Amino acid sequence: MTEIVFYALAAMALGGAIGVVLKSNPVASLLSMVGTLASMAGIFVLLEAHFLAAIQVMVYAGAIMVLFLFVIMLLNLGHDYEPDLRRGIGQFLAFGVVGTIAGLLARQLRGAEDNPVYQFFPGPEGMDRLLAEEGIVGAIARPLFTDYVIAFELVGLLLLVALVGAVALAKRRV
Amino acid sequence: MTLDLTAGGGIVWALLPEILLSICAMAVLLAGVPGGKTREASGDRADSLMRLALSGIIGAAAANAWLHGVNVVGDSGMIAVDPFRLYGNWILLLGAALTLLISIPYISEQRLQAGEFYSLVLLATAGMMVMVGTRNLIVLFLALETMSIAAYVLTGCNRRDRRSAEASLKYFILGAFSSAFLLYGIALVWGATGSVTLPEVAETIETGAGFAGLLLAGMGLIGIGFAFKVAAVPFHMWAPDVYDGAPTPSTAFMAVAVKSASVLAFVRVFLEAFWLLYDAWYPVAWWLAALTIIVGNLIALSQTSVKRMLAYSSVAHGGYLLVGLAAANEISTAAILSYLLIYTLMNAGAFGIVMTVGGHAENRVELDDFAGAGWSRPLLGVMFTIFLLSLAGFPGTGGFMAKIFLLQGAVASRLWTLALLLALGTVISYYYYLRVAWYMWMKPPGRAEATEQPAAALALRATLIGATALVLVLGIFPGPLLDGAMAAADALGLFSADGLLGLAP
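Protein chains in written order, with my numbering: chain A, -7 to 166; chain B, 6 to 510.
No lab work stands behind these hints, which were simulated from the structure alone.
Just so we're clear, the structure is a prediction, and the values are computed from it rather than from any experiment.
If we take Cβ atoms under 10 Å as the criterion, some of the chain A residues that face chain B in the derived model are:
1) L96
2) Q100
3) N107
4) F113
5) I142
6) V147
7) L149
8) A158
Negatives, chain A to chain B, calculated, CB over 10 Å:
9) Y(-1)
10) L1
11) V26
12) G82
13) G91
No residue lacks a Cβ here, since even glycine has one placed at the ideal position from N, Cα and C.
Make the full structure from the sequences, and use the hints.
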């Protein structure tokens, strides 16, 4: 049952991702992207990462995508777009590179559980134990404010830079 | 004092320079809110903001000096407190301080937003310092983004200039593109080795565990991301347009600090995490270095704008530094560090003079505008000539010693062709650097306006004189500089007698 749901969600995520690239109307590609992000949230639920799933829906599929939609509608309402993907050699090259990486990933992941590196990843039992000990929010929050506190603070600095930059570049009177 | 990096407090002390710099950046931002109404008032305002920003840099430098003396135990896996990071911090702080000092007249002349400009320079510098110091690829990415976003804004901060806006957009799009490469590379490396900290990645490679193909793909993508930031050919397309279109203080900042941080992070990641894969990445680094030297120098030859010529020549300097990476031995790593320090001095100085001769605007930076400038403003002329000679690598200047160290490094790894290319590139660069000097001293002034310019501001003049003196002193007594660099390279602790060549399994 879980597998069927997973494959359905994965197919939806992939279909949405292809739609983002192929649709010529930006609003349509954006909605495809919302579909992809929502399916990803479903996959998170299957992995028992409910907190991540909720955040995914609220922040990505909700807030950020709606903001995107507003911007596109405000800036370019009513224009039609030519698909500007480069045909010919560029297309082959792009698919070649993407295909190579995908093939590499697939080949490497076959028999992945035998590789010693696999011990670094917690796996289902490890996740269950972690969830039992910390709870779903604690499992994210504790490392975030201990092991990764530098990264966390740095994100704050990064957002400050982006904010100051946006104001400096966009304010009306200079 | 002993720092325990496994405890929370230890990390705070280890990051003291970056923290001081960020706090000062926020203070500058707050102090810059009430802008001046008139040109004079905003000029005074910019002046005091600059002093505040400079005090932050001095504070960070003091903290950095203090870190030299502390005793470190434990490893957080996030931030390194090794001489390599501290030496890198000196380079970056010097670059930021020079940028601040040479930018005052330009900012008040062009009426840029001083508070935003100075605080972004400080925040970018804090990001760069984390970037050079971190041992964690995720933190590295975040720090790189902090630096990059600040640099995009600094490029576009002249709102009255269309070319500034164009350069900013171009930089933003290509920069975001290259960051995506880097991030995807980090993700693949994590998938291949199960870790994002450099020592653990190296350990996994050493034990032979992990997914080799995935690891190589990840390493390649990380390399592409860094090559973009360093502006190595063939990933250099953005650099000349961006350097040319940006306001000159921003150009100076990008050419010295952003480039230094990218090169140093490049070196740390590839030497600390991927040193066992040297056989795989060495040919790529070799070709990047060779192409960058050849193409950068050849295009710089045909430029008629001095600012654009300096932009292309900084691409070529990136190529020289990549020779050090390809050689990957102790001497070459030390050479990269000392080269960057000297390069920061002379390149920031050169941009400062381009700015002064150009009257703190963007429309007088052609070669013809420099005709006769040496006779009408002898002090500036002499200093510019010294900077140009040093950039070209003339004996007796710091630039010469820096190139000699790089050559030594290349020879120690028996990279004869690259050593030859480095020398050849230097010879080509003599032509285009000395052509500017020739215009300054040998040509009669072409335009009347070029002769009647205001004297350079006191702080600017003092900075330029100081930089010139340092370039000359380091050309004669480079000893302490190189000793520090050797200690810093030693701290990476990987080198056998003649580089990494042939070490890989």
